[in-house]
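Enquirer: Residues per chain, in single letters:
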Amino acid sequence: MLSVNKFHCLILLIFQVTIFLSCSSKVSLETEKYDIISMLIDKHTVPFLVPPPPPPQGSIDTLALERDSIIKVIQSDSWKNQKQIGAINTKLRKVNGNDIPRHDTIITKEYSFIFNKFLNDKLPSHLVIRKIKPTRGNIFIECPHNESLKNNSELWKTFDYIVSFSDVKFSDDLTKAVVYMGISYGKLNGWSAYFLLEKINKKWKIKHNKTFEIS
Amino acid sequence: MKKFLDFKLLVIVFVSFVFVNCNSDELNEDLPNEQVIENITGASFGKYQQLNLEEALGFVNDIKLERPSKGGGMGVRNADSDFLVGVDAGSLAFDAVEGTELKIPRLKARLKSTEVESSMFLIKVQDSTHGFLMNIVKDKDITDEDFSGIIGITDLEGKFINGYRVKNGAFISQFVVAKNQKPKDSIKESKSSLSYTTRTFLGIGWMSGTIHLEEVTVYASEEPSSSDEEDSDGLSMDIESYFDLFEFSFSGHGGGGGSSSSSGDSSDTVKVFPCDDPLHGCDDEDDEDDKITNELTGKALCVYNRLKNLKLFKETLHKFDNTDSYNLIITQKGDCNNQAGAEGCTSFDGKNTVTIKLLNINQPELDLAASILHEGIHADIFKFVNQHEKGYVDPNDRPRLMQLYFYYKKLANSKVIDSKKLNTIYQHEYMAEKYIKPIAEAIRQLDGNRLGTEYYYWFAWEGLERTYSFKSQLTEKEKKQFQQKKAHINSTTNAKCK
Chain D
0 MLSVNKFHCL ILLIFQVTIF LSCSSKVSLE TEKYDIISML IDKHTVPFLV PPPPPPQGSI
60 DTLALERDSI IKVIQSDSWK NQKQIGAINT KLRKVNGNDI PRHDTIITKE YSFIFNKFLN
120 DKLPSHLVIR KIKPTRGNIF IECPHNESLK NNSELWKTFD YIVSFSDVKF SDDLTKAVVY
180 MGISYGKLNG WSAYFLLEKI NKKWKIKHNK TFEIS
Chain F
0 MKKFLDFKLL VIVFVSFVFV NCNSDELNED LPNEQVIENI TGASFGKYQQ LNLEEALGFV
60 NDIKLERPSK GGGMGVRNAD SDFLVGVDAG SLAFDAVEGT ELKIPRLKAR LKSTEVESSM
120 FLIKVQDSTH GFLMNIVKDK DITDEDFSGI IGITDLEGKF INGYRVKNGA FISQFVVAKN
180 QKPKDSIKES KSSLSYTTRT FLGIGWMSGT IHLEEVTVYA SEEPSSSDEE DSDGLSMDIE
240 SYFDLFEFSF SGHGGGGGSS SSSGDSSDTV KVFPCDDPLH GCDDEDDEDD KITNELTGKA
300 LCVYNRLKNL KLFKETLHKF DNTDSYNLII TQKGDCNNQA GAEGCTSFDG KNTVTIKLLN
360 INQPELDLAA SILHEGIHAD IFKFVNQHEK GYVDPNDRPR LMQLYFYYKK LANSKVIDSK
420 KLNTIYQHEY MAEKYIKPIA EAIRQLDGNR LGTEYYYWFA WEGLERTYSF KSQLTEKEKK
480 QFQQKKAHIN STTNAKCK
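Chains as they are written, first to last, in numbering that gives the first Met the number 0: chain D, 0 to 214; chain F, 0 to 497.
Everything labelled a hint here was simulated from the structure, so no lab data went into it.
Computed from a predicted structure; not experimentally measured.
A virtual CB, placed ideally from N, CA and C, is assigned to each residue, including glycine.
Treat each hint with caution, since some may be false.
DSS-like, lysine-lysine: derived pairs with alpha carbons at most 25 Å apart [to be verified]:
1) D:108 with D:204
2) D:149 with F:332
3) D:149 with F:497
4) D:149 with F:495
5) D:42 with F:497
6) D:71 with D:130
7) D:42 with D:5
8) D:71 with F:408
9) F:495 with F:298
10) D:206 with F:350
Away from chain D, derived, C-beta distances all over 12 Å, residues of chain F [claimed, not checked]:
11) 305
12) 314
13) 495
Could you put together the complete structure from these sequences and hints?
Expert: See below:
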């Protein structure tokens, strides 16, 4: 009789451990995902300022001083740390077969395997803005709907950029990851790229990235 | 006496040796006349590059001419040829192309048919020299002072490229390749068109081959000729006088497109090459699907088709028709990967395929046209820079584009600008410098030239608001005015696609 009780306790223990491990894995995956997204937003949303182009060959450079000055401004902490309003597209984009790079020779088999995880994937759940870590005092808001943006171009003036992501896919050991990211500054101004990442010393680093679409 | 005979024999052998040796010299050594000895000071124009004397003579040599048997006259190419039998390298002269500094090398040629008066002219496009024949057959039944007859353009083998019928000094009809090639014995005649078989033409001898031609009316353009050389409609020819029969120019608009017309007007200027494409003629329109995969439908397709006739389209998107190395896909399906709010985007697979996506098909027609042109310029730049990196294009071509590319690439490498923004920054800066007026004028044309160009500037500036040019050139007042003018255009335009 006692052995039956023991057996029940054992079953219960195994069940609880399984649930705990499962939750812990999900929490960990979720944490890594938001770490990566936060890092990419921080890195690629520094305020946009274009230095003057060089003078055409053979003409006098009348903008040399202005150019030097703008480059200094861009490199200064006060410029980089400006507070911006970022509109987050919380709907993660589904990656399809055509988006997966086939000609990028830098992509190793390991990363190819991660890319393939995008295929036949379920529609990922939406991003939760409060889980994204803001840096430089940035404020994140929900991105307006596409239709609203198309119908009212004034909406673009209410934020500095829109940032969008695909889901983040990981290697089984959670040390490598792949994600697609895009930034729009206007209806015909933006870029999108994919990023291959690796966790080194507990921090996510970009190993390789490629812009594949511009507006 | 025997010694004297030996000496004479020796002299004869020596003279013969010298003579034979002289005859084996390169053909071009002493043939060009004095006219071409002077330096050629022509200049490239559009796609047509200037050939120099050396290149022209090199080409003539390469077509394996033999030296004329008697002093002067035609070098024989192939006496047994059914078509071109000789070219007079000594007649090489450079014809000035009216309205430009381009000079086209031209030489007398002889065809098998003695009824045909032929000349060979050379052009250089995409760094490659091509020879063509201009073959003239006079209509002996018309004795008017002005020329009447047929003028045909063929390659050196006699393959048909273009042809016109001229009556009393005016081009009245054009020969085009029949879409449905009939059995070669059939001859059809109707009120609207005359169909000839090659048998008919082989009798005349100005072309060879086995294709059927149709004769369609040449019409005079309704659009006035622009004085701006950039607006020229391609290499043309016109009739100046009987003795200097066909002169090259760049001012023509009439005919030459390979399509029929309902107008009965004749023209005195026609295109030398169909669709002004010496390498493909209008054939590439049939091949369009091979190079441009157009998946647009409805309103977007309608706008795209209207853009096809504009110069800016020909300089950007149409270039994909003229290259075998790159493909262009233009579609309204899918989305711009992770670019929320984007109404269009362009991607390059890094190899040979550029894809343009147009996402807001419901926007006004002129906005849609501006988006197509904007993305078309991106596509053209992606292709050009890739060709440049592969060493396929002359590094001196489009120097400003490459200068901007390398300048901003250096800033990206040194982390002054985000490397992810490199493509948008250098391409948009180039667009802002070079394409604002062309885009505005293209949209104005689509709108029937209703109002001044300034009314169309905002169509061109959209998407370029972060460029240095935009920020440094436009005041807040101007921006507001341009926006208001654009809104006025969109609310009053008749350029609608249903």
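Enquirer: Please flag the earlier hints that this structure goes against, numbers listed from lowest up.
Expert: 5, 6, 7
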